[in-house]
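Take the sequences, apply the hints, and build the full model.
Number of protein chains: 2
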Amino acid sequence: MGQMELYEAIYGRRDVRRFRTEPVGDEVLARILDAAHHAGSVGFMQPWNFIVIRSLAVRQRVHDLFTQENARAAGNYAGERRELYDSLKLEGILEAPISVAVTCDRSRHGPAVLGRNSIPEMDLYSTCCAIQNLWLAARGEGIGVGWVSILDPTLVKPLLGIPDDIVLVAWLCLGIPVAFEDRPMLESVGWEKRLPLEEVVFAERWQQRWGADFSK
Amino acid sequence: MGQMELYEAIYGRRDVRRFRTEPVGDEVLARILDAAHHAGSVGFMQPWNFIVIRSLAVRQRVHDLFTQENARAAGNYAGERRELYDSLKLEGILEAPISVAVTCDRSRHGPAVLGRNSIPEMDLYSTCCAIQNLWLAARGEGIGVGWVSILDPTLVKPLLGIPDDIVLVAWLCLGIPVAFEDRPMLESVGWEKRLPLEEVVFAERWQQRWGADFSK
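Top to bottom, those sequences are chains S and P. Residue numbers for the first sequence, in our numbering: 4 to 219. Residue numbers for the second sequence, in our numbering: 4 to 219.
Just to be clear, a hint being listed does not mean it is correct.
No copy is singled out in the list; a pair is fine if it fits within one copy or between any two copies.
[Claimed, not checked] Heads up, simulated SDA-like pairs for lysine to any residue below, C-alpha to C-alpha not over 25 Å straight-line:
| hint | residue 1 | residue 2 |
| --- | --- | --- |
| 1 | K92 | G15 |
| 2 | K160 | P123 |
| 3 | K92 | I169 |
| 4 | K92 | G78 |
| 5 | K92 | Q6 |
| 6 | K196 | D155 |
| 7 | K92 | L127 |
These are computed hints drawn from the structure, not numbers from a lab. The structure displayed is predicted, hence computed values, not measured ones.
Take a look at the structure:
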């Protein structure tokens, strides 16, 4: 495996929706999942599970749920914005050979979990940190990841036998990407602009400008 | 800056609570925050802000809030477990020269946000992905990060002038660590064990074992 530098992975990571159909081997997948599993977690709770789905039948049903949910989401937009929305490819569930459902078991090692007493969402936050590890490790392995968030978890969970009390945090598509684009798709098509770093960093207090020189 | 390999950062990242008091420069801090800002976000929403806090007076007040909240959390444990809990160092707010408060503005670019229609928490999840980028970039720069989750956000927010409708997701301590330990502290002291990867990965359905060979 060609090892990648950290910043190269961070800046080259993309939310991928266009995949080639070649399979992804278990060995590379195991490395990616092991990287995810080595994220930090509140109270060393490791509340996550990763369900690897190759079944086309299941992916077809999830794709159907996406289509249904996306029709609802499209209703938020009108005019040119709606036209642009409808032109966007927002998932690659059928093309990508693998989907990974990421869950959070909020009762694992509980009910008292060290560090989760004040902010109960910490277990969900830990699970998202694991997802980012997965995303970056995949990038390092030349594998693209797309997070499909236009899905109703209550409809997806029964397809995989996920119990009611387990949170389905993410549906991820994994596969060899057609390309790792230079910029996020929503930036390229003009949906949103990247905010300047100096607008998102404050010093000492909310909305107080940070004096650091961001020109690098 | 000595660039680090991706897996080295992923496996060498630790939740750091013991810091040296040397300052962290703005240049390295800007690189770390820029890496955070390049996480993916739902609908390219970039809902995060990073408040860089050097003020010892503010950190002292947050440390007081930690002490108060930790006394409450300690009440979850009794006997030997309580003794172990009380022996753990769970934050480095005063030693670490920098704290970074990470927030999520849930109304940014809204109310309709592409991809957030079905799972409203997606903006919080995106913010956590940014935090993991920050954590890994810091590791690559030789900077330790500790996430202090034993804090009541409703009491911390007024100290920084954070508006009611902005979510305080994380309080992070940044500084040069005394050491990057080989294993997570809660593993070393026997608080919890690391779960085997094969217990957290399923194939096709919940609780169905994955056949891949995890011996690497």
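These are the hints, each one checked on the structure:
1. K92 to G15: within (20 Å within a copy, 36 Å between copies)
2. K160 to P123: both (22 Å within a copy, 17 Å between copies)
3. K92 to I169: neither (29 Å within a copy, 31 Å between copies)
4. K92 to G78: Only inside one copy: K92 and G78 sit 16 Å apart there, 51 Å across copies, limit 25 Å.
5. K92 to Q6: neither (30 Å within a copy, 35 Å between copies)
6. K196 to D155: neither (28 Å within a copy, 33 Å between copies)
7. K92 to L127: So K92 and L127 pass the 25 Å test across copies only (23 Å; inside, 27 Å).
Consistency with the previously given hints fails for numbers 3, 5 and 6, ordered from lowest to highest.
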